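Could you put together the complete structure from these sequences and hints?
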Amino acid sequence: MSKTAKIFAARKILTLNPDYPEATHVVIKEGKILALGSEQDMQSWDLPIDHQFSDKVLMPGFVEAHGHAMCGETWRYTYLGYDQQFDPEGKCWPGIINQQQAIERLKAAELLLTDPQTPLIAWQYDPIFWQDQQKLLDRWALDQVSATRPILVMHASGHIINVNSALLGLANLNETLDIEGLMRNTQSQLTGELRDLASQFAVLRATGNPLCGEVDLGILEQYAKLATNVGVTTASELYASLDDDSMSSYKTVSNQDDFPLRFYTAQNAETLSIEQGLARLQDAQQHCNDKLYIGSCKLIVDGSIQSFTARLEWPGYHNGVANGAWKQAPQTMRQMIHDYHKAGVQLHIHVNGDQAIELVLDILEDVLSQYPRADHRHTLQHCQLASEAQYKRIAKLGLCVNLFSNHLYYWADQHKALTMGTYRVQRMNAAASALKHKVPLAIHSDAPVTPLNPLFSAWCAVNRISRSGVVHGQSQQISVEQALHALTLGAAYTLKLDHLIGSIEVGKFADFAVLDDDPLQVDKHALKEINVWGTIVSGVPHQSACRN
Amino acid sequence: MSNPLQVTSNPEKAVPFTVIGGFLGAGKTSLINHLLKTASQRYAILVNDFGALNIDEKLIAEHNGDTIALANGCICCSLAAGFSQGLGLLLDKIEQFDHVIIEASGIANPKRIQDIARIEPRLKACGNLVLVDASALMQHAQDPYTDQLIHQQIDAADMLLINKQSLIDCHAKHLLSDYLAQFSQAPQVFTDWGHAAPSQVLHLPLLNRTPNPLLEQLVNHGLSSKVLKSDEIISSHKFDQWASQLTGNILRGKGLLTFSDRAGTWLWQLSAGQSTLRPFSDETVEHSYALILIGKQKALIPNTIEL
Ligand SMILES: [Zn+2]
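Chains A and E are the protein sequences, given in the same order.
Residues 1 to 548 in my numbering are what the first sequence lists, from first letter to last.
Residues 1001 to 1307 in my numbering are what the second sequence lists, from first letter to last.
Some clues are possibly wrong.
What the hints assert, rightly or not - Each computed DSBU-like pair below joins lysine-lysine, with the alpha-carbon atoms no more than 30 Å apart: (1) K1296/E to K1254/E; (2) K1298/E to K1173/E; (3) K251/A to K32/A; (4) K251/A to K508/A; (5) K327/A to K1298/E; (6) K1296/E to K327/A; (7) K1124/E to K327/A; (8) K29/A to K225/A; (9) K91/A to K6/A; (10) K524/A to K508/A; (11) K327/A to K1226/E; (12) K135/A to K225/A.
Calculated from the structure, these hints are not laboratory results.
Keep in mind the model is a prediction, meaning the values are calculated, not measured.
Right under this line is the structure:
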């Protein structure tokens, strides 16, 4: 928190506060916003003016209402994604588009490992976009990187793993096994691609269970760096384990006065009994502070659309594959929603497919008529396929939605061809429907599934342009103002933090995104090109890592 | 880095590994309590379901977070920290146990979990025991929200333990048994309260599974079934005529009948378009007929034997 009161002068301050939409100066005291106005208005304050942002545009700090701290962990490993990404230090990692590039990058990473036993781990491998489908990262390609060091490559989907021969051996995977998901080539040799639980269990165990979702201090610090780089001042872990170790990391960082990020956690309720879940939540809540917010739970109903595990209503998947899988039995889900709601807990409910949404709406309709609760703010997370009729029910039940608009860029072409077809892809992540039915709207990245970057997410919701340059669903485009709202105040609302953050108002935290340009002035196609200087959190500036 | 997987193992000493599967309410926990009560071996039991550690209090020696130590040297823990890690921790001290039992979650496919034992040399795959709730199976199998996962569990079974048998009558038992046989070659054992002897259920011969076209149809396009039951006595001639005109919508049929013009009880089966009728017993059954028909579209499955 900045100790002394002062004034920040800016080229422009976009407040997202309809009573006072624009200003040039903001007065900060005790880490909070004391006043805002024009240069003239400042004459009544006998306070120093900080001019370092006088050519910048200030906005409320962005709020990532559905991300995961794991995005801080991923950069411990080698990035193999198809698109360029920036790591926490601002280093640019160009996208990998063929086998040769992948092998080169893995070789370079291998040279940096000193202990010959340390596994080489890579993430975000996305071969569906590679042009040469004959040359992928099979075991023989990975053996070129090392024949002795175990190598494990996670696919971007998160559901497939590729390994080299050394790791196959270490995990006792050999040609004699007839196991589902242990992929073979036409000569029936193992290719090193593993698609099922048992073989993945074996290789993950042999490499020390990387990327399993636990947090430590380093992971939270990296998450905060990634956030600062893109103007995020509050970020969530929407699948948090509130065990003692994780809690001690959250406590440590949130008690650091100059830590550049507020954390919001929704407890993963899947691996605990409801009793245990409620008890743990109560314990953890005692440690809430200005930078740590605990109290809600996360439930997962179905899988994801791109891996064909979302639960769909008729006519199902466009390419005719079987319907997806429930993460819990529908009866169990009913019990969990019922009990947590009754106990007064806010719920973030992962639903992708329209059948999963229908199930949850049916359950909530029963539960809310049995135990009405003012302002519950239960939020449907992802909610990518809600129909117009479902949006009407969502509105009636007082639910919020947090949409996964980034999908439109990364996978809409695949959704059109494989999962949804031409018609249904048009209303995936139907932000305009949400607004039309006055459903509180947030937009998220689900980092590390897609990169943390609110201006990019806004660009996706505004333009709905896919990787191939096609607009998918013009009628669901929203305005830049609406998108910025969804990534600040709208997101804060779904976290029940809109009284503290999300807009520039007297009394709220002095949290800002510091931008080089005004998002309302640039061409809407250029939204994602705006350079982010960094953030201000509780009045303290934090510069983003220099991009190189 | 010391790696537990590099330990060369003696396959003689591989620890038996059994997966207990089945949908909610099938009685998995009752069975496990029963096994523990009668245990003469040290079991390690892992519960892969949220908060399902409902172990009988009389058996508990020590309760420590997600792990319960039991008086007879067994342990029981929930995989709260995630399946991979929980099972990994258990493998690290595998030599302390005589048998590993996994209680799969109500929606899990036991086959996938069993594969772990087929890979890990220190484990010996001893089969998937799939529990079925006799009173609710047909309903769950027809529910579009649960039909796929119920059938995948049935398909994964090396033995089907059909629990709560006393809740259904003898006809329903026949029909249920016929229905399950369409999807699984596994031996069927009827019981109550999850009672089964460890020797009977914990060392199952692994079935050789061939792809089941009926299951593929169900998973990809859905299936419906109907039970036809009546006291009206029909002639075998009328039945033959009716059975011969069943359309391609009906994929399977099975059941018992008595006829006005023939003595005894007859077993009817329809498979791959072939209708066969064989003598079943000299006695007559309660109803004149009780059949199960499995077809693609529910509306096109007949409700009675009417021409
Ligand atoms: Zn997520």
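Do the alpha carbons of K135/A and K225/A lie within 30 Å of each other, as the hint requires?
Measuring from Cα to Cα gives roughly 35 Å; hence the hint is violated.
What's the verdict on K1296/E and K1254/E, does the C-alpha distance respect the 30 Å limit or exceed it?
Given pair K1296/E, K1254/E holds - Cα atoms ~16 Å apart, limit 30 Å.
Straight-line Cα separation of K524/A and K508/A no greater than 30 Å?
29 Å, holds
K327/A and K1298/E were given as a pair; does the straight-line alpha-carbon distance stay at or below 30 Å?
27 Å, holds
Between K251/A and K32/A, is the straight-line Cα distance small enough, at 30 Å or below?
Roughly 22 Å separates the two Cα atoms, so the pair holds.
Under the criterion that the straight-line Cα-Cα distance not exceed 30 Å, is the pair K251/A, K508/A satisfied?
22 Å, holds
Decide if the proposed pair is consistent with the structure: K327/A and K1226/E, CA atoms, cutoff 30 Å inclusive.
29 Å, holds
Given the hinted pair K1296/E and K327/A, is their Cα-Cα distance within 30 Å?
Holds: K1296/E and K327/A sit about 27 Å apart, inside 30 Å.
Holds or violated: K1124/E with K327/A, Cα cutoff 30 Å?
28 Å, holds
Does K1173/E lie within 30 Å of K1298/E when you go C-alpha to C-alpha?
Distance ~22 Å between K1298/E and K1173/E Cα, so the pair holds.
Under the criterion that the straight-line Cα-Cα distance not exceed 30 Å, is the pair K91/A, K6/A satisfied?
33 Å, violated
Given the hint that K29/A pairs with K225/A, test it: the Cα-Cα distance must not exceed 30 Å.
Distance of about 25 Å is within 30 Å: holds.
Taken one by one, the earlier hints fail for this structure at numbers 9, 12, listed in ascending order.
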